[in-house]
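My request is simple: use the sequences and hints to build the entire structure.
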Amino acid sequence: MMGKSSETTATEGDMEDRISSLPRNVIDLILDRVPIRDAARASLLSSKWRDVLAEYPHLRFNQQFSNSIARNRLPSEFNNDYVHIVNRILLQHFGPILKFVLDLPELHPMRLSDVDQWMLFLSRKGVRELTLDNSSSSPYKLPAYIFSFSELTYLKTSRCIFRPPTTFEGFGKLNRLILVEVTFGSSVLNVPQLVILILRNCSGVHHLNVSAPQLQKLTLYENDYLALDNYMICKKLAYVYLALPNGIQQHRQGERISLQELFGCWNTLTNAYLDGRFLKHLAAGIIPERLPTTMDCLRQLMLFRISFDLDQTACILCLLQSSLCLQKFEIWIESVADNDVTVLNYLEEPSRMNQTIDGLQTVKIRYFKGSKPEVLFIKLLLACSASLEKIYIEEDEKLRLNERLRIAKELMRFSRASTKAEMMFQPLNSAST
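Each residue of the sequence shown is one higher than the last, beginning at 18 in the working numbering.
If you are wondering where the hints come from, they were derived from the structure by calculation, not from laboratory data. Source: prediction; values computed, not measured. We put the CB at the ideal spot given by N, CA and C, even for glycine. Heads up, a few of these hints could be off.
With a cut-off of at most 30 angstroms between alpha-carbon atoms, the simulated DSS-like pairs for lysine-lysine come out as follows [claimed, not checked]: (1) Lys386 with Lys396; (2) Lys415 with Lys396; (3) Lys437 with Lys426; (4) Lys437 with Lys407; (5) Lys173 with Lys253; (6) Lys437 with Lys253; (7) Lys297 with Lys116; (8) Lys253 with Lys345.
DEER-style ranges, computed between Cβ atoms [claimed, not checked]: (9) Arg369 with Lys190: 24 to 30 angstroms; (10) Glu168 with Cys342: 36 to 42 angstroms; (11) Gln372 with Tyr256: 48 to 54 angstroms; (12) Gly112 with Leu445: 51 to 57 angstroms.
Okay, here's the thing in structure tokens:
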């Protein structure tokens, strides 16, 4: 018995020595890859490793963490245990916390004051990256403490209420901001170093006033209001993803901006992803065949929810002719009126065939339905694109086989400005480049 006890003690000592002797960066890598509860339990193996965990600068209370606590617990037990465990881990921590992730589960409203206290605690820890994803059914109001995180370089929140105090002067070091399903109160957001801004499914956007002179990537996806004035002056913008929600009212679109005005300001774009509703928003007044200022930097253009009405069709052709270095063009078709006479007449005008689309090499058409406007559009692309190499046509699953064959034969007969141009027909979602 004495021999076994000594052997056990020696084994535990060897284990502690092996863990303690690991380089600090290796321990950090281990901690970075295991759930925080497992890391806390593992710290019992080594007093030195326990100290390492207590000052480890990355804390992740993600969904996996909350699920592990919720297992085999009643909701009331989960509320108490979840808050208790997070409190204990935070209170035992010393040193800076550079990265903090919290996936907020469904908590009793009385427990949200604990979350506020966690934010107060973090405000003194020099947090640089903060992720606060709210998985509960009710939005969480961000406490004023968050707006005092002066070292933040990355902020992501979801299902929160964003209403900074009037004394808020902005996040001076923030370079990435992602807000999903956020409700805004009156907000002036001064972010001089911001490079990436993503707003998805947000409400109260008309209350938001953003100053981001260094912005390079902008995503505005199905928010309740569209106002581009804040971003028109962003001279370094290279990537935009813009989509309007279905049924957005005209008075909620802000002041109308024409195609010429917008892309006259955004002539540094390299990648543009635009939905059909946004194109209709841009179709204010007369749409020119070419923009006054060409898009010399644009390399990739993707358009989705396209119905080929007259406004969309005119905008598309204007963008294609104005993008002299465009290499890849992709279009997702939503629905098409097969007998829209105005569109058919527009596409069949003899002058259309004399237009030039320079540089375009690859085209992908998804959800192709075989309507006459689509066929005429492809005819134009073939006739006007001297650099074209490939057109991938992904056919809508509702298109019958005999229709596919008939349309394919028609398309193959069209003249081509490029001797290298090939057409490739394939079922939707098949692999393609």
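Comparing the hints with the structure gives:
For the proposed pair Lys386 and Lys396, the alpha carbon gap of about 15 angstroms is at most 30 angstroms, so the pair holds. Of the supplied pair hints, the one linking Lys415 and Lys396 holds, its CA atoms being roughly 22 angstroms apart against a limit of 30 angstroms. With a C-alpha separation of about 18 angstroms, the suggested pair Lys437 and Lys426 falls inside the 30 angstroms cut-off, and the hint holds. At roughly 8 angstroms between alpha-carbon atoms, Lys437 and Lys407 fall within 30 angstroms of each other, so this suggested pair holds.
Distance hint between Lys173 and Lys253 is fulfilled; the C-alpha atoms sit about 22 angstroms from each other, no more than 30 angstroms. Restraint check for Lys437 and Lys253: not satisfied, since their Cα atoms lie roughly 35 angstroms apart, outside the 30 angstroms limit. Among the hinted pairs, Lys297 with Lys116 is inconsistent with the structure: their alpha-carbon atoms are about 42 angstroms apart, more than 30 angstroms. This hinted pair checks out: Lys253 and Lys345 have alpha carbons roughly 21 angstroms apart, not beyond 30 angstroms.
With their beta carbons about 51 angstroms apart, Arg369 and Lys190 fall outside the hinted range of 24 to 30 angstroms. One distance hint, 36 to 42 angstroms for the beta-carbon pair Glu168 and Cys342, holds here, with the actual separation near 40 angstroms. Between Gln372 and Tyr256 the Cβ separation comes to about 27 angstroms, which falls outside the hinted range of 48 to 54 angstroms. Range check, Gly112 to Leu445: about 53 angstroms between beta-carbon atoms, so the 51 to 57 angstroms window is met.
The earlier numbered hints that this structure contradicts are 6, 7, 9, 11.
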